[in-house]
Structure formats: C-alpha cells, structure tokens
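Residue numbers (my numbering), protein chains in the order written: chain A, 160 to 269; chain Z, 3 to 115.
These are calculated hints, taken from the structure and not from any lab test.
No experiment lies behind these values; they were computed from the predicted model shown.
All C-beta atoms, glycine included, are put in the ideal place defined by N, C-alpha and C.
Please note that a few of the clues may not be correct.
Said to hold, decoys possible - Residues of chain A clear of chain Z, computed beta-carbon distances all greater than 10 Å: (1) Pro167; (2) Ser168; (3) Lys181; (4) Asp208; (5) Val213; (6) Thr224.
To be verified - Derived, one-sided and incomplete: chain Z residues facing chain A with beta-carbon distance under 8 Å: (7) Phe12; (8) Met29; (9) Tyr33; (10) Gly42; (11) Met43; (12) Leu45; (13) Tyr50; (14) Val52; (15) Gly53; (16) Glu54; (17) Gly55; (18) Tyr66; (19) Phe106; (20) Gly107; (21) Pro108; (22) Val114.
To be verified - Pairs of lysine to any residue residues, derived as SDA-like cross-links and limited to a Cα-Cα distance of at most 20 Å, are as follows: (23) A:Lys256 <-> Z:Lys11; (24) A:Lys201 <-> Z:Arg111; (25) Z:Lys11 <-> A:Leu199; (26) A:Lys217 <-> Z:Thr101; (27) A:Lys196 <-> Z:Lys59; (28) A:Lys230 <-> Z:Gly55; (29) A:Lys201 <-> Z:Thr88; (30) A:Lys196 <-> Z:Pro41; (31) A:Lys256 <-> Z:Val62; (32) A:Lys201 <-> Z:Pro108; (33) A:Lys256 <-> Z:Glu61; (34) Z:Lys59 <-> A:Gln204; (35) A:Lys217 <-> A:Gln204; (36) Z:Lys59 <-> A:Val179; (37) A:Lys256 <-> Z:Gly55; (38) A:Lys181 <-> Z:Gly42; (39) Z:Lys11 <-> A:Lys217.
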Amino acid sequence: GENVEQHPSTLSVQEGDSAVIKCTYSDSASNYFPWYKQELGKRPQLIIDIRSNVGEKKDQRIAVTLNKTAKHFSLHITETQPEDSAVYFCAAGPLGKLQFGAGTQVVVTP
Amino acid sequence: NAGVTQTPKFRVLKTGQSMTLLCAQDMNHEYMYWYRQDPGMGLRLIHYSVGEGTTAKGEVPDGYNVSRLKKQNFLLGLESAAPSQTSVYFCASSRGLPTYEQYFGPGTRLTVT
Chain A
160 GENVEQHPST LSVQEGDSAV IKCTYSDSAS NYFPWYKQEL GKRPQLIIDI RSNVGEKKDQ
220 RIAVTLNKTA KHFSLHITET QPEDSAVYFC AAGPLGKLQF GAGTQVVVTP
Chain Z
3 NAGVTQTPKF RVLKTGQSMT LLCAQDMNHE YMYWYRQDPG MGLRLIHYSV GEGTTAKGEV
63 PDGYNVSRLK KQNFLLGLES AAPSQTSVYF CASSRGLPTY EQYFGPGTRL TVT
C-alpha cells in the first residue's frame, strides 16, 4: 500500500517569508495529490491539489509541485500571513484511497 | 446546502459498549469515507464506499463496521469499544470521477474509558 512521509513536522516562519513542506510517497499507482489545511478544532479543508499529469499548479500565494520520477511533491506558501498558521496535511493515492502524511504545524509569527 | 454533517459531535463510551456514528451528505456524492485522526498520525482511512450498497476496507478497519444503505448516509459502528478507539472521527464525501476533492464533516470526538 501507499506510504506518505511529510517533513518537517513543525515549521516556524516570520510573516512575509515563504514556507515549504515536502512529502514523499511510495506507490507508483498514486495519481492524485491534495493538500489540506486544518485549523485547531476544525475540519480539514482542501487548499490545492494536483494530478499526476501535471507538474506544477499555482493558486495566488500557494503552489504545489510534483516530481513523479522521484515520487515527491511539495507545498509552497509565499508571503505568509498570520492566518496561514495551521496544520497542513499532504495526501497521495488513487481516487477513493488517499493516504495522508502526519501533518506539519505551521506557525507564522508577526 | 449543509454539506457533510456528523452526529453526534461528542461521545463518551465505556469499554465494551457499542455505538453508531452517522454521516450525512446532501451533495449527491457517490463516494463516502470514514477516517480517524490521532495526534501526530494524520488521518487514517477506516472504511469507504464507492456507491450505495457498497463498502470496502481502508487502512485501519479492525473493530469497525460500516453500512451505506442510502446514498446520502454512511454509518460507522463500533460493536465493542476499546480505549484504543479514542479518537476524532471524520467523515468525508466526494463526487467521484472526474472530481477527486473530498469534503469533510465537522468531526466526532469519541472517548472510550
């Protein structure tokens, strides 16, 4: 089955700096790679996703890159703001069977 | 639209008791999922369903059963609760191909003593 590793487990950044979170996966059959943001006590919410036929996707301050050969994908947040503070989860898998990483606690300090 | 809803929001059980968690969605989604979330471990898939009347095992199915008798509902049952099942349980749904996005419910916090 799929195994997803996520690094770092915690990330502290100054407001305005960039944040990068990296994930690796093991199953070559994985074709969908979403990123979820979860604020304390809330449900996970999708912030961006990418499919295996695309190498990069951007949505305002958030971007995701995928390297299928190396089996890794990354989340990039630019110009971080205090409201970006949350736990971020990567996931990988085919439709219906996502495997999630353990999460990254991001703290943006003013 | 309410999206994905879960009942109850909180529950405390004694070891050996049983209970059912209810997930409902009003988006006419084909796929539904049950996850558990434990500190430092992300979300782990318990069971999922690709359509009414179907269910399949996920990563951590032991100790749980599910049923999808109606398209809009997905029930998660614990027949004999154990302290190791103390967790936050999230239900999610997705439309199915070609859309992959999963929408999560608000979660149920379960404590087994």
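Given as non-interface: Lys181 of chain A, which should sit over 10 Å from chain Z by C-beta | holds (15 Å)
Lys201 of chain A paired with Arg111 of chain Z [C-alpha distance capped at 20 Å] = Satisfied, since the Cα-Cα distance of roughly 12 Å is no more than 20 Å.
Have a go at the Val52 of chain Z hint: is there a Cβ in chain A nearer than 8 Å to its own Cβ?
-> Constraint on Val52 of chain Z satisfied, holds at 6 Å.
Over 10 Å to the closest beta carbon of chain Z is the bar; see if Ser168 of chain A clears it.
-> The assertion about Ser168 of chain A is violated, with a minimum of 8 Å to chain Z.
Regarding the pair Lys230 of chain A and Gly55 of chain Z, is the alpha-carbon distance no greater than 20 Å?
-> Measuring from Cα to Cα gives roughly 35 Å; hence the hint is violated.
Given pair status - Thr101 of chain Z, Lys217 of chain A, alpha carbons within 20 Å = holds (18 Å)
20 Å limit on alpha-carbon distance, applied to hinted pair Lys201 of chain A and Pro108 of chain Z | Judged against 20 Å, a Cα distance of about 7 Å means the pair holds.
Going by Cβ atoms only, is Tyr66 of chain Z closer than 8 Å to chain A?
-> Since chain A brings no Cβ nearer than about 16 Å to Tyr66 of chain Z, farther than 8 Å, the hint is violated.
Looking at Pro167 of chain A again, its CB stays over 10 Å from all of chain Z?
-> holds (13 Å)
Within a Cα-Cα threshold of 20 Å, do Lys217 of chain A and Gln204 of chain A meet the stated pairing?
-> holds (17 Å)
Restraint status (C-alpha distance of Lys11 of chain Z to Leu199 of chain A at most 20 Å) = Roughly 15 Å separates the two Cα atoms, so the pair holds.
Should the interface hint for Tyr50 of chain Z be scored as holding, given a Cβ-Cβ cut-off of 8 Å against chain A?
-> Nearest chain A Cβ about 6 Å off; hint holds.
Hint check: violations occur at hints 2, 4, 7, 8, 15, 16, 17, 18, 22, 23, 27, 28, 34, 36, 39; the rest are consistent with the structure.
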